[in-house]
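*Asks:* Here are the chains, one letter per residue:
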Amino acid sequence: MKTLLKTAVMTAAAAGFLGAATLPAAALDDPGPAAYSAALKGKKVMLVPLSMGFDLAQGWTAFLKREIDAFGGTLETRDPNWSAEAGAQAITEAISSAEKPDVLIVMSPDLNSYSKLLKKAQQAGIYVILVDNPANFKADVYTGSDWTQLGRLEAEAVVKGCGEGSSKKIGLVQGDQVNATSLFQYAGIMEVLAKYPDFQVVAKPDSNWDATTSRNVTTTMLQQNPDICGIIDFWDGDATGAAAAIRDAGKQDQVYLVTTGGGEKTADCDRLEDGTYDAVVMTDLAHESSDMVAMIKYLLQGGQAPGTSSAYLYTLLKATTKADLTPGTCWDLQALQAAAK
Amino acid sequence: MGFLGSLNQERIVFAIAVAIFVIAALTLPGFFTADNLVAIVRSVSVLGILALGMAVIVIGRGIDLSMVAVMAMSVAWYLQMLGNGMSDGAALGLALAGVVVIGFANGFLVAYAEVPAIFVTLASASFVYGLVRSQLIGSDAVPVPPGHWVAELGALRLADVPVEVFVFAGLALAAFVFLRFTKWGRYVYYAGDNPAAARNVGMPVRPMLVLRYVLSSLVAFAAGILTAGSLQSMNTRVVNSTQLYDIVLVTVIGGIGLAGGKGGVRNVLIGAALIGIMLNAMTILDIPLLYQNLIKSAILLAAIIFDGVLNPRDEQTAQQGDI
Numbered sequence: 001m002k003t004l005l006k007t008a009v010m011t012a013a014a015a016g017f018l019g020a021a022t023l024p025a026a027a028l029d030d031p032g033p034a035a036y037s038a039a040l041k042g043k044k045v046m047l048v049p050l051s052m053g054f055d056l057a058q059g060w061t062a063f064l065k066r067e068i069d070a071f072g073g074t075l076e077t078r079d080p081n082w083s084a085e086a087g088a089q090a091i092t093e094a095i096s097s098a099e100k101p102d103v104l105i106v107m108s109p110d111l112n113s114y115s116k117l118l119k120k121a122q123q124a125g126i127y128v129i130l131v132d133n134p135a136n137f138k139a140d141v142y143t144g145s146d147w148t149q150l151g152r153l154e155a156e157a158v159v160k161g162c163g164e165g166s167s168k169k170i171g172l173v174q175g176d177q178v179n180a181t182s183l184f185q186y187a188g189i190m191e192v193l194a195k196y197p198d199f200q201v202v203a204k205p206d207s208n209w210d211a212t213t214s215r216n217v218t219t220t221m222l223q224q225n226p227d228i229c230g231i232i233d234f235w236d237g238d239a240t241g242a243a244a245a246i247r248d249a250g251k252q253d254q255v256y257l258v259t260t261g262g263g264e265k266t267a268d269c270d271r272l273e274d275g276t277y278d279a280v281v282m283t284d285l286a287h288e289s290s291d292m293v294a295m296i297k298y299l300l301q302g303g304q305a306p307g308t309s310s311a312y313l314y315t316l317l318k319a320t321t322k323a324d325l326t327p328g329t330c331w332d333l334q335a336l337q338a339a340a341k
Numbered sequence: 001m002g003f004l005g006s007l008n009q010e011r012i013v014f015a016i017a018v019a020i021f022v023i024a025a026l027t028l029p030g031f032f033t034a035d036n037l038v039a040i041v042r043s044v045s046v047l048g049i050l051a052l053g054m055a056v057i058v059i060g061r062g063i064d065l066s067m068v069a070v071m072a073m074s075v076a077w078y079l080q081m082l083g084n085g086m087s088d089g090a091a092l093g094l095a096l097a098g099v100v101v102i103g104f105a106n107g108f109l110v111a112y113a114e115v116p117a118i119f120v121t122l123a124s125a126s127f128v129y130g131l132v133r134s135q136l137i138g139s140d141a142v143p144v145p146p147g148h149w150v151a152e153l154g155a156l157r158l159a160d161v162p163v164e165v166f167v168f169a170g171l172a173l174a175a176f177v178f179l180r181f182t183k184w185g186r187y188v189y190y191a192g193d194n195p196a197a198a199r200n201v202g203m204p205v206r207p208m209l210v211l212r213y214v215l216s217s218l219v220a221f222a223a224g225i226l227t228a229g230s231l232q233s234m235n236t237r238v239v240n241s242t243q244l245y246d247i248v249l250v251t252v253i254g255g256i257g258l259a260g261g262k263g264g265v266r267n268v269l270i271g272a273a274l275i276g277i278m279l280n281a282m283t284i285l286d287i288p289l290l291y292q293n294l295i296k297s298a299i300l301l302a303a304i305i306f307d308g309v310l311n312p313r314d315e316q317t318a319q320q321g322d323i
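Quick mapping for you: the protein sequence lines, in order, are chains A and B.
Heads up: the first sequence at position 323 corresponds to 323 in the UniProt record's numbering, and the numbers run straight through without jumps.
Heads up: the second sequence at position 58 corresponds to 58 in the UniProt record's numbering, and the numbers run straight through without jumps.
Any given hint might turn out to be false.
[As the list claims (entries may be wrong)] In silico SDA-like pairs for lysine to any residue, Cα to Cα no more than 25 Å straight-line:
| # | chain 1 | residue 1 | chain 2 | residue 2 |
| --- | --- | --- | --- | --- |
| 1 | A | K204 | B | N293 |
| 2 | A | K168 | A | L183 |
| 3 | A | K204 | B | L136 |
| 4 | A | K65 | B | L136 |
| 5 | A | K204 | B | I299 |
| 6 | A | K322 | A | K65 |
| 7 | A | K251 | B | V165 |
| 8 | A | K297 | A | G42 |
| 9 | A | K251 | B | A174 |
| 10 | A | K119 | A | S310 |
| 11 | A | K138 | B | P29 |
| 12 | A | K265 | B | Q135 |
| 13 | A | K204 | B | Q135 |
| 14 | A | K65 | B | Y291 |
| 15 | B | K262 | B | A174 |
| 16 | A | K297 | A | A62 |
| 17 | A | K116 | A | A88 |
| 18 | A | K204 | B | K262 |
| 19 | A | K204 | B | A174 |
[Stated by the list, open to error] Now the stretches of chain A that chain B is said to cover, found in silico as 3 or more residues with beta-carbon under 8 Å:
| # | region |
| --- | --- |
| 20 | 53 to 59 |
| 21 | 284 to 290 |
Just so you know, the hints here were simulated from the structure itself, not pulled from any lab data.
Computed from a predicted model, the values in this text were never measured in an experiment.
Even glycine gets a Cβ: it sits at the ideal position worked out from N, Cα and C.
Chain A with its partners taken away, still in its complex shape (with noise of 0.2 Å):
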């Protein structure tokens, strides 16, 4: 008796319960997905890199092709093709075209050759993310490196793996002397040198960004400074370069080599697994394009107009040595463009 007064009393509580629940579903209806939907619904976002050549660009592009295909907008890139002049006409047809984009996310060469376009985009009401790259010019939101701070990593990287015992002699292989990358690098590594006085760098050539030529400087530099500890080169798309000649120069286990990369897997973490790379100062890929996303979903739905606020939202940045390789240490490009098919 006692257990069936048990049963009813619980059934009856559970339909009371259920009914509770069920009926008035209307109420709890929650607004969040019709306005998100009507926000950013069919909105147009650009992309324009440097190049859609290199891996960061094609990561990117896959990240945000996901996130802008499931929210229903649309994604096109344009591909620069290193070109600043061809960059600067893609963005100059979005902003004069019909179906302008709704955000403009770009890469830019140098501190202040969009600036002025850029300004214009955002006066005809584009939202403009700058990625990676610095400008003078004051973006709605910046995502990528803080480029000081990865010269420091790289500095603190190179003292690290040359040692108390060393020489104590650093060799730079710098990229150029415009790109706002290679100089706040530079400004980076020398804050960081001038806390180590008994460290000094005994060369700095420039690349400008070419495998050949860093391969060329960095034998000179090796072979004026035979005594070498450290090389930092500016971007691991040319320390290939770098890292060649110190093979030819047999000097593997001599020299640390430390350069910076997007953390893809045949660029940077197969090139530390077989020791072609002492230490990488990567970029974190997905947090990078997430924050990304997360911009052009805030900005789309906040209502501000074009250029009101301006932010960094810089990306964490890590030097990896071949100790700290885990699997899921690097991003994998062949596997990503396969997933995004």
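Place chain B on chain A using the hints.
*Replies:* Same frame as chain A, now just chain B:
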């Protein structure tokens, strides 16, 4: 005027090269060492190989602006095919076939359609780059598969001297023998000096033209293989770099006239020596790249002006089409 009159661009550039070499050897520590001298030759080997191909074309009164594009894109395509798992023989065969087709098309358009070489090769450079970059390879840089013979070639040393140096020396000798001692080599000069007269006396001017463009494409492919071997990858960004101008610079600075019919392998070697010594010395001095370019161009300009003053253009033999 006796001594000054004997100076021509070749001798001026040679004198400048020697002067810089002596000054650098005396003042720069570590310049005049065996290792550094090897490094100098190596740094201009690939450039020199390309310049040899260009020299044969220029002497025959032409120019091949597609060399860098052919070099980078053919090798990148080859490596991409290997990366996709194609057998080495098939991939190499396809890449070589592609290179020959481009050279043949260049030569055919110049020789038979009579389109100026500068336009034909400028267009084919863009075509080759665009086609390969958009259709055949996935990204700017294509790595050499680990353990492949291209990588092993790049690591090859004979008596501590990198293999590029021997290839450069071998090709220089081959080009010298071809231009100096073979019938077709001599024809290159005649056809370059006066194509109409060469044709009138019965030389196969047009087929030879086609052959030269095929040769320069093959030379470009060889240079590309050496570059890829040394760097373990082929970065197609070099197509946008100033390498093409450097090739023309090395070719003409030693005294090969762009008007054709003049010069030889010696001029290329002198040009390559000057550029190699200069770049090496400036790198040792840690001069920034912007200044290096400025100094390089100033020396080139000085050599050309000096030559122009000492050997003024002869209006009687100046040819239409002189650049």
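*Asks:* Each hint needs a verdict: does it hold in this structure or not?
*Replies:* Verification of the supplied hints:
A threshold of 25 Å between alpha carbons decides the hint, and for A:K204 with B:N293 the separation of about 16 Å falls inside it, so the pair holds. Pair hint A:K168 plus A:L183 holds up; C-alpha atoms about 23 Å apart against a cutoff of 25 Å. Of the pairs offered as hints, the one joining A:K204 and B:L136 is violated, with about 37 Å between alpha carbons and a cut-off of 25 Å exceeded. At roughly 23 Å between alpha-carbon atoms, A:K65 and B:L136 fall within 25 Å of each other, so this suggested pair holds.
For a cut-off of 25 Å, the pair hint linking A:K204 to B:I299 stands: about 24 Å separates their Cα positions. For the given pair, A:K322 sits about 32 Å from A:K65 by alpha-carbon distance, which is inconsistent with the 25 Å threshold. A hinted pair counts as satisfied when its Cα atoms are at most 25 Å apart, and A:K251 with B:V165 qualifies at roughly 21 Å. Among the hinted pairs, A:K297 with A:G42 is consistent with the structure: their alpha-carbon atoms are about 13 Å apart, no more than 25 Å.
Distance restraint check for A:K251 and B:A174: the Cα-Cα separation of roughly 35 Å exceeds the 25 Å cut-off, and the hinted pair is therefore not satisfied. For the hint linking A:K119 to A:S310, the alpha-carbon distance of about 13 Å falls within 25 Å, and the restraint holds. Between A:K138 and B:P29 the CA atoms are separated by roughly 48 Å; this puts the pair beyond 25 Å, and the hint is violated. For the suggested pair A:K265 and B:Q135, the alpha carbons sit about 23 Å apart, so the restraint of at most 25 Å is met.
For the suggested pair A:K204 and B:Q135, the alpha carbons sit about 38 Å apart, so the restraint of at most 25 Å is broken. Restraint check for A:K65 and B:Y291: not satisfied, since their Cα atoms lie roughly 43 Å apart, outside the 25 Å limit. At roughly 18 Å between alpha-carbon atoms, B:K262 and B:A174 fall within 25 Å of each other, so this suggested pair holds. For a cut-off of 25 Å, the pair hint linking A:K297 to A:A62 stands: about 17 Å separates their Cα positions.
Taking the CA atoms of A:K116 and A:A88, the gap is near 10 Å; set against the 25 Å cutoff, the hint holds. Proximity of A:K204 to B:K262 is assessed by CA-CA distance (about 41 Å); at most 25 Å being required, the pair is judged violated. Using a Cα cut-off of 25 Å, the hinted pair A:K204 and B:A174 is violated, with the two alpha carbons roughly 39 Å apart. Evaluation of the coverage hint for the region 53 to 59 of chain A: fulfilled, as 4 residues show C-beta separations to chain B shorter than 8 Å, against a requirement of three.
With 0 residues having a beta carbon nearer than 8 Å to a beta carbon of chain B, the region 284 to 290 of chain A misses the requirement of three or more and the stated coverage is violated.
The structure is inconsistent with the numbered hints 3, 6, 9, 11, 13, 14, 18, 19 and 21, although it conforms to all the rest.
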